[in-house]
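Asker: All chains should be modelled from the sequences, with the hints used to inform the complete structure.
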Amino acid sequence: MDKTVTSAREAVADIPAGASLAVGGFGLCGIPSVLIQALREQGSGDLEVISNNCGVDDWGLGLLLQDGRFRRVVASYVGENKEFARQYLAGELEVELTPQGTLAERLRAGGSGIPAFFTATGVGTQIAEGGLPWKYDFEGGVAVASPPKRTEEFELGRSVGTFVLEKAIVADFALVRAARGDRHGNLVFHSAARNFNPLCAMAGVVTIAEVEELVEPGDLDPDQIHLPGVYVHRVVPLTPAEAAEKRIEKRTTRTGTEQN
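The sequence shown begins at 1 in the UniProt record's numbering and counts up by one.
Take the hints with a grain of salt, since some may be wrong.
In silico DSS-like pairs for lysine-lysine, Cα to Cα no more than 27 Å straight-line [said to hold, decoys possible]:
1. Lys135 <-> Lys149
2. Lys135 <-> Lys246
3. Lys82 <-> Lys135
4. Lys82 <-> Lys246
5. Lys149 <-> Lys167
6. Lys3 <-> Lys246
7. Lys135 <-> Lys167
These are calculated hints, taken from the structure and not from any lab test.
Here the structure is a predicted model, which means the values were calculated and not measured.
Answerer: Right, here's the structure in full:
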């Protein structure tokens with residue numbers, strides 16, 4: 001089945017207002033920047049986004065945030081975005097902060113048909129006990145707080161411990177970026193750009209992948225495929241210019257006199 005579509009604009013055209021989105025990337029590494037820009041032009045708002053972070057103020061998901069297009073964000077790190085902090089503290093945005101490993105597993109579980117799982121992460125904290133401020137009111141008070149989660153004791157190996165129940169995540173749509181992909185949707189990611197992309201792709205009911213290089217079915221070594229095409233529904237081949245545009249979140253330089 002040929003899953004390619006002619007443009008990013010066509011690929012995101014049916015994402016409605018109020019939809020939930022799982023978006024791959026880590027910082028600005030491996031983010032589906034072309035699909036994000038197309039969604040910005042498409043205009044849907046009142047979105048819930050699930051992503052490790054929310055980009056920066058002038059790139060990635062930060063562009064949609066800047067336009068006021070999100071009602072809720074599920075993320076593990078948001079420290080690089082001043083507008084994110086402003087909206088959250090002003091009561092304009094609901095935020096569910098989730099431990100990074102837990103977020104990854106919630107996405108993977110959703111894509112694997114596992115409704116929930118127990119983990120030790122967060123036991124004894126507000127993650128398990130509830131009370132984390134998800135949304136503030138306009139006076140600075142807590143309008144919505146996280147609920148307490150179920151905990152149980154289990155024997156694991158030779159020890160017994162307490163574990164907290166975490167629910168899987170399934171999103172209406174997923175947006176991801178891959179280095180190579182074929183027309184069947186099989187994807188290969190480049191190094192650290194792999195990050196949350198396969199997990200978000202698994203969690204999407206409809207997954208849209210932008211690929212830097214489109215190849216024909218059979219060109220990818222089956223042993224090298226990171227995500228099978230069963231999880232991908234639309235493939236958007238990027239132009240050379242689109243594939244080359246990759247911003248750096250923080251640039252560190254040194255003078256020629258410094259030593260390693």
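Asker: So, for every hint listed, does it hold in this structure?
Answerer: Each hint, compared with the structure:
1. With a C-alpha separation of about 18 Å, the suggested pairing of Lys135 with Lys149 holds against the 27 Å cut-off.
2. A C-alpha spacing of about 33 Å is found between Lys135 and Lys246, which places the hinted pair above 27 Å, so the restraint is violated.
3. This hinted pair checks out: Lys82 and Lys135 have alpha carbons roughly 17 Å apart, not beyond 27 Å.
4. A hinted pair counts as satisfied when its Cα atoms are at most 27 Å apart, and Lys82 with Lys246 qualifies at roughly 21 Å.
5. Proximity of Lys149 to Lys167 is assessed by CA-CA distance (about 10 Å); at most 27 Å being required, the pair is judged to hold.
6. Between the alpha carbons of Lys3 and Lys246 the distance comes to roughly 25 Å, so the proposed pair stays at or under 27 Å and holds.
7. With a C-alpha separation of about 20 Å, the suggested pairing of Lys135 with Lys167 holds against the 27 Å cut-off.
When each numbered hint is compared with the structure, a violation occurs for hint 2 only.
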